[in-house]
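Chain by chain, the residues run as shown.
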Amino acid sequence: MSETAPQSSDCLVRFAGVRKTYDGETLIVKNLDLDIHRGEFLTLLGPSGSGKTTTLMMLAGFETPTEGEIFLDGKSIRAVPPHQRGIGMVFQNYALFPHMTIEENVAFPLMVRGISRSERSVRAREALAMVKLESLWRRRPAQLSGGQQQRVALARALVFQPQLVLMDEPLGALDKQLREHMQLEIKQIHKTLGVTVVYVTHDQTEALTMSDRIAVFNDGVIQQLDTPHGLYEQPNNRFVANFIGENNTLCGVVEEMLENGFCRVRLSDGHFATARAVRVEGVGAPTVLSMRPEKVHVEDYGPQHVNRLMGTVREVVYHGDHTRVRLAVAGNLEFTVKMRFRPNRPIPEPGEKIAVAFAAEDCFALDAPDEGTAAG
Amino acid sequence: MNSDTDPLKARLRRAERMRQVKAFGLIAPLLGFLLVTFVVPIASMMMRSVHDTELSAVWPQVSAAISTWHDRKALPDEATFAALAHDIKTSYKERTLSTAARRLNYDLRNGRSLVFSTARALPETADRWTDAVLTANPRWGDVETWGAVSRASGPFTGFFLLAALDRHRTAAGRIVPTPAEEAIFIDVLQRTFVISLAVTLLCLAMGYPVAYLLAALPPNRGNLLMILVLLPFWTSLLVRTAAWVVVLQENGIVNNTLIWLGIIEKPVRLIYNQIGVYVAMTHILLPFMILPLYSVMKAIPPSYVRAARSLGATPATAFLRVYVPQTLPGIGAGGILVFIMAIGYYITPALVGGAGDQMISYFIAYYTSSSVNWGLASALGAVLLSATLILYWLYNRLVGADAVKLG
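Respectively, the protein sequence lines represent chains S and W. The working numbering numbers the first residue of the first sequence as 19 and each following residue consecutively. The working numbering numbers the first residue of the second sequence as 55 and each following residue consecutively.
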């Protein structure tokens, strides 16, 4: 785990042993310890029901931890009501007040802080200029498009210069193109203002593009907290490997532990493969090998690609810049390889038997599913 | 291009027309029903408030002759007096004099005795009918007496509408207020509006928290509470009002409980006064406030208040600045519904109110069924209807138009 410290290393928010249950039976958040650094863009990523939104709501003050403490700037905020936390928040449905104009919406945080009307107006216009909507200040929210509404919500959350901004799936309701555009815009604003952002999403692409660090949630536990690069290149466990990016899995049993943190695994079809022993219990333990489709080579492999397996081509899908080949390899019928386009390179035909190769460094031996059944 | 689009337009129109005809066919029965049972009665009632032929039916000659009376400061001419004498004698014989006497009595104090005494005292023949009539009753020498005859001669009159507003017209045609000891309707109208407004505010004050709770509760428990709100709907209005008589009377539950608790020494009068009217009407009209409020509140997602709180608003500010403004359409709809229903209330104030707490509907009923002065009853109804329409128009301007924009 390569947890590189971002720009500034001092800690703005600390979750210490936080647990949350609604019904007294199941824990939505189990024993959460998390430090959020000043100025970083941290994403809480996970499927629905993984506890990421509950974590955000506890930080915002709309939920209280059942156990544990949350510290903001070193002080416990258990007894601090939401309006005194000074945290800006952006909601998925924008939550712009329909009875106010755009300017009144953005000026709302300033109004409740007792700032004079004239100054309110000036600062609200500035915030609107930041999201490039200064000309729409007289409109009402219903007259704006979804993307514009979300920008207004952003301006409103930033106008009172909070040190921390929370975003709860803010782009979830936008179409793909607008979402990608807004991702860049939010990232730009984050860079310019240096504000700390905690961002909740279930979209892994969004998390990878925007974040300094990502906390991957599942079952109320942080599975891995790392930079996007670290998460993608070195997943800690099977859940993270499957959740982030595309992934091929092969089931097997650890045959032998090697030096330098490698191990030798006997696959379900009897072949052997060498992999990084990321999360294996030892010799004889079941394991799942994980590798990215772009790290598996079909023809252009070299001596460093020590693992070589035979596969039968099942399907070939042309994608323009690359061709995607689905194979049956060692019991996995969905084994996918990305072949980059090269002139004069023959495209394999379905039914053909071909060799696939990958380096031991690009293959991770991870935890096997509890049932011991074949994964993928 | 043009030859192509025109048949298309024509076809579209034809298709649209077919749809409209079908739609009209579906609502035609209801439209007919409403026309017969609602529009026609209201129109004929409005008509009655200005259409007046009672006098001209029994005194045709004087009704025609009075139209030549132009100098309203002097008495009418001899021909008019002669017509009056002829009409009085004819109707006296035909026993229709009481109709004329009743109609003049609406406008003139002791108009009835004036008519009958004149009829009894008139001679069979006279040289000058002016002198004969004045001898029979000297009140015919007053221009205001003739003003009343002129106002009653029809066929159209503003007399009833003015009377409904405590106004009347002098013989010279000026509109003046009715003397204070005879004026009642402005007071009644004022009382009707004050009681209705107070009931509306009480309903709002009590209904708002209930609607809020209903909207905030999870559906299963919310439904249970909703049934409790709707329960009064399933009981007859008369039964509910009678129940309040039982509860609020001198030996009723409320008084007995208060005495038992030692809060009061002897029973307090809670019924047959305004307290009773307020309690019973508020109870009966409460659901009409809660339901529109509930439907509006149900549509407000909790994230608005959350957003306000996270942006620094105290719970009170978030509620007043963000939540309440969004419920304004509900407050407006509930308020106008309760208010309009309240100003027409009749049975409840009649049963639980005192003599001084009767609302305008009571007087409409009185003039319709007891005193059979349909002109005045219709005029009061017309005043009530116009007040309601003006209020509705105001509501639409203030709340309705805004509510549409909020969307």
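Keep in mind the hints are simulated off the structure, nothing from the lab. C-beta: ideal position from N, C-alpha, C; glycine also. Keep in mind that a hint or two might mislead.
Claimed, not checked - SDA-like cross-link-like pairs, simulated, lysine to any residue; straight-line CA separation at most 25 Å: (1) LYS352(W) / HIS315(S); (2) LYS352(W) / PRO116(S); (3) LYS352(W) / LYS371(S); (4) LYS352(W) / GLU152(S).
What the hints assert, rightly or not - Residues on chain S that point at chain W, a partial pick, calculated with CB under 10 Å: (5) ALA78; (6) ARG103; (7) GLY104; (8) TYR112; (9) PRO116; (10) MET118; (11) PRO127; (12) VAL130; (13) SER134; (14) ALA171; (15) GLU198; (16) LEU202; (17) PRO246; (18) TYR250; (19) PHE290; (20) TYR336.
Going through the hints against the structure:
Under the criterion of a C-alpha separation no larger than 25 Å, the hint pairing LYS352(W) with HIS315(S) is inconsistent with the structure, at around 57 Å. With a C-alpha separation of about 15 Å, the suggested pairing of LYS352(W) with PRO116(S) holds against the 25 Å cut-off. A threshold of 25 Å between alpha carbons decides the hint, and for LYS352(W) with LYS371(S) the separation of about 62 Å lies outside it, so the pair is violated. Note on LYS352(W) and GLU152(S): the hinted pairing is violated, with a Cα-Cα distance of about 33 Å set against a maximum of 25 Å.
A distance limit of 10 Å between C-beta atoms decides the matter here; for ALA78(S) the minimum to chain W is near 6 Å, and the interface restraint holds. Nearest Cβ of chain W to the Cβ of ARG103(S): about 8 Å, under the 10 Å cut. The hint holds. Because the beta carbon of GLY104(S) sits about 7 Å from the nearest beta carbon in chain W, less than 10 Å, this interface hint is met. Taken as an interface hint, TYR112(S) checks out: its beta carbon lies about 9 Å from the nearest beta carbon of chain W, inside 10 Å.
For PRO116(S), the suggested interface contact is upheld, since its CB lies about 5 Å from the closest CB of chain W, less than 10 Å. At about 8 Å, the closest approach between the beta carbon of MET118(S) and any beta carbon in chain W falls short of 10 Å, and the interface hint on this residue holds. Checking PRO127(S) against chain W by beta carbon gives a least distance of about 4 Å; that is within 10 Å, so the hint holds. This hint holds: VAL130(S) has a C-beta 4 Å from the nearest C-beta of chain W, less than the 10 Å allowed.
For SER134(S), the shortest C-beta to C-beta distance to chain W is roughly 16 Å, which exceeds 10 Å, and the interface hint is violated. Annotation: ALA171(S) was flagged as interfacial toward chain W, and the flag holds, the nearest CB pair being 8 Å apart, inside 10 Å. For GLU198(S), the interface hint is violated, since its Cβ never comes within 10 Å of a Cβ in chain W; the closest pair sits about 25 Å apart. Interface hint at LEU202(S): violated, since its Cβ lies 24 Å from the closest Cβ of chain W, which is beyond the 10 Å cut-off.
At its closest, the beta carbon of PRO246(S) sits 27 Å from a beta carbon of chain W; the interface hint therefore is violated under the 10 Å criterion. For TYR250(S), the suggested interface contact is broken, since its CB lies about 32 Å from the closest CB of chain W, more than 10 Å. Below 10 Å, beta-carbon pairs count as interface contacts, and PHE290(S) has none with chain W, the closest being about 55 Å; its hint is therefore violated. With its C-beta approaching chain W no nearer than about 43 Å, TYR336(S) sits outside the 10 Å limit, and its interface hint is violated.
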